[in-house]
Amino acid sequence: MGEVLLALTPAAAVSIWLFGVGVALNIATVLVAATLVEAVAVRARGGSVRAALGDGSVLVTALIIGLCLPPLLPWWIPALAGALAVLLGKQVYGGLGQNVFNPAIVGYVAVVLAFPQATGMWPAPDPTLGAVISNGEAWRYFLSGELTPLADALTHATPLDRLATDGLAALLAHEAAVPGLAATGAWTWLGLAFLLGGIGLVARRTIDWRLPSGVLIGTAATAALFAVVTDGAAVGFHLLAGATLMVAFFIATDPVTAPVESRARWLYAAGIGVVAMVIRELGGHPDGFAFAILMMNATAPLLDYWVRRSWRGTADS
Amino acid sequence: MVLNAVITLTLLAGLCGIGLGLAGRRLAGQRDPVVERIDALLPQTQCGQCGYPGCRPYAEAIAAGSAPINLCAPGGSATVQALAELLQVDPEPIDEAEGNGPLVARIDEAQCIGCTRCLPACPVDAIVGAPKQLHTVLRSECTGCQLCVATCPVDCITMEAVEVPLSSRIRPLPTPQSTRAEPLLRPGPVRHPHSEPRLGEVWVRDAKQTSRGSTPTTLALPERLILPLLDHTGTPLTPAQQPGERVRRGTPLTMPDATVPLHAPAAGVVEGFEHHPIVHPSAARVRCLILRPDDEQSAVLPMPPLDPPLAQPPQVLLERIRQAGIRGMGGGAFPSALKLADAAECGVDVLVVNGVECDTYLTCDETLLCQHADEVIAGARIAARACGAEQILVAVKAGSRYAAEAARRAIAAAGGGIRVVTVDALYPAGNERHIVYPATGRVVPPGARPPTVGVVCQNVSTLYAIERAVVHGEPSMARLLTISGGAAEHPGNYWVAVGTPLAAVIAAAGEPQGRILVGGGIMGLPLRDRSAPVTHGMSGVILESVAETPLPEQPCIRCTRCTLVCPEGLRPHEMVSRIRAGVGVGEPAPSIDLDPLRCTGCASCELVCPSSIPLAGVLGHARDATRVRLCERERAERARERFEARQLRASRRKREKEAARQRKREAIANKGA
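Protein sequences appear in the order of chains A and B.
Per our numbering, the very first residue in the first sequence carries number 61; after that it's consecutive.
Per our numbering, the very first residue in the second sequence carries number 925; after that it's consecutive.
No lab work stands behind these hints, which were simulated from the structure alone.
Among these hints, one or two may not hold up.
To give a feel for the contact side, a few chain A residues facing chain B, derived at Cβ under 8 Å [claimed, not checked]:
no., residue
1, ALA111
2, ASP115
3, GLY116
4, LEU156
5, ALA294
Owing to the predicted nature of the structure, the values given are computational and were not obtained by experimental measurement.
Cβ coordinates follow ideal geometry from the N, Cα and C atoms, glycine included.
The whole structure should be built from the sequences, with the hints applied where relevant.
Here you go:
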């Protein structure tokens, strides 16, 4: 867990640099809520609170949720995400190692579905944002949930929002307006920060290289197919935009919710990429990775079973 | 509108109902009839104590609901529990007072008058005898049903308790605390920069330096020597002496027919026999011979040296190895004579001298090779002659350079012809199934032993003992033992007499701080009782420092490292979650990679587990449970077969008698006509 935390640091740093103090507030709120709920739930189940909190898994969950959520949110939304992640994502199944679904994604999806407007509101990624939205305004919104007109004006569509609502042409027009970077704009830096941490984890053999490779291959192959068939966005855009790199290196690689057989892992990871691309290109939601993760989590035991039966010839009765 | 909806829904419901009904009928599982399943749970003693003539009739009665489930006295509460689970009812308390263990009938031969009344009473034909001859009970077939006791007119049948053999004891499930220590503080797996963890390959960082290098010293004889009267299968050995008898050093303490005799490690007086704790996963107490050594240490040896050793026929060598009581000293303690004889039968051509101590602490084999390489090489030649191997290979670990040099020097001095092979410092390279490939290039198939590919492995210490027995006529009475660990003040290698209480060894080593591991740092068992004795297969005592003490267990995150390193291709993490949930413990495994019987207990999985889960201990528990259950099933099956054969015989007799009577009647009728 320590290594995963370390690998998430570059992404957290870039995120705070781009979006200001709100990210740190989110992470802290999720962490406090998740820790409290974890402590209460573990105590209720009769376990050792110290051991449960000492393994650092809550910290990783909080960091991932904090980086997934938009930086400007009233406090109850990240708090609810953290609490639901731990309670519904993990403890109801019997704690760490027993859960079917990735806890961080459970928490994230819960608040995305419950507060679609607030969680769909991303400010433009810009290091000078702090100068436009003052920390004081960010704090006020965090505590009261009342939007100041200024922040409202600043709210901007992410590249994926643009793709989902206005189509590829609008996206390309926007790209022309922001020269120098890929269509993903300053989001690219965030993606590269996740990539950096992820490569570190693969090099340290903390995570199985098959999982990120599978997600990226699945994403790229499906994106290429859409680019040809339905005239979708470029492969590079899909690999850099939204949560692709984060999911590939930090969420799909969770060993608890992934299958255990290597071939099943390939199928699982590629499946995440495929489902996410289908949702991005054809669905109404701007990003589909969270839903793709949950769907593939549900199939993980089946993939293991199937791989064992058809390749290894050993299936459990 | 509403009507439409109602009609649609009704039709839909009807269709679904029909579909379900059809599916239910088509796909109904072919389940065993319930009588079979009840019968399988009954102990098959056929004792009739339930009031039904045999187990099957009782099973039928239970299935029909006409009998309560608590009538089976021999099965005890375990059977009631199992029946309650099968039939989904609450377990009822057992009728009879629960016995304290298995019983076997014994006929007092001084009183038996040869009346044969007990013979027909036995439901499984376990009593043999003839009129006016002594009767005797076949102990292996007696089910302990006590039906014969009442039939004896002179009350000469008594029930006696049989000692539970060691092989049928089940080690307890480990508690979450009894796990391995912080990986950074004690020797353990290291991530090799260039390798993915692969099957049976754990790179271990060792702590051999602690005990390496010093010349072995001999540990003084303790006040009492404790010698477990057990053979390699865990069956009791019969002592040859009475309490109070004096024995000389090297006198056999067991009857000559024992597979592996036990010898007095010192001259002294047999004090008596008592149940004493030994080092065993199940914390068992077994019958031990207590020997009080005295000062008169005679140098006379009971066996004449065989000279020249290599000119002796293999049979003579094997017999000498058996007589000297030599057991595998690498840890297995399997009789070397049996192993070599089996190898000879398989026609092996290579003998591998196993000097690869893959454990993290042990250095006793390495030290022995450094100090007594000549004797080990001579022992290897003798063993090779005894089993008919033409080629000898000495396998040593990459790190033990001095041992390899010593072996090469000894080989050169003895005329060459033996190759020294260096194997990588991987765990568990010293396991005899794993050493074969790096040493010879042959692959032992899963589940098979090395002789199937023409290889036999012998541990360095065993070969040294063989040399002592054949060339010097000295039985196996002492061994070189490593004392190591962070808390050992005087780490090193010590010659220790077999039977020395571990307390004496620990006293020589220093003040223990944490756990004491017996047998090595990876596969070693935590010592529960310090009065347990040193045995032939015990290669080390590790005193853990506070820094080396175990970490609390954490939840499994299914990282699958255990699956990657398991040399047998098992899935330890899945097995452990099943075993802990009580699923299928003691039953045949659903697939070969979940079969606890294939686990060799090498603890590679435990070594790499990032959550410090006591995987090896949990798997060991399941292995014991499965083995015991299989034995019980086999015994019950045999009893059932004997009972059915007996019934068949009875009905045939009845038919024959009936037929004879019929013939007689017809003959009379014919005559009358």
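Status of the hints after comparison with the structure:
1. ALA111: 6 Å, holds
2. ASP115: 6 Å, holds
3. GLY116: Nearest chain B Cβ about 11 Å off; hint violated.
4. LEU156: Since the shortest Cβ distance to chain B is 4 Å, the answer is holds.
5. ALA294: 34 Å, violated
Hint violations for this structure: numbers 3 and 5, all remaining hints satisfied.
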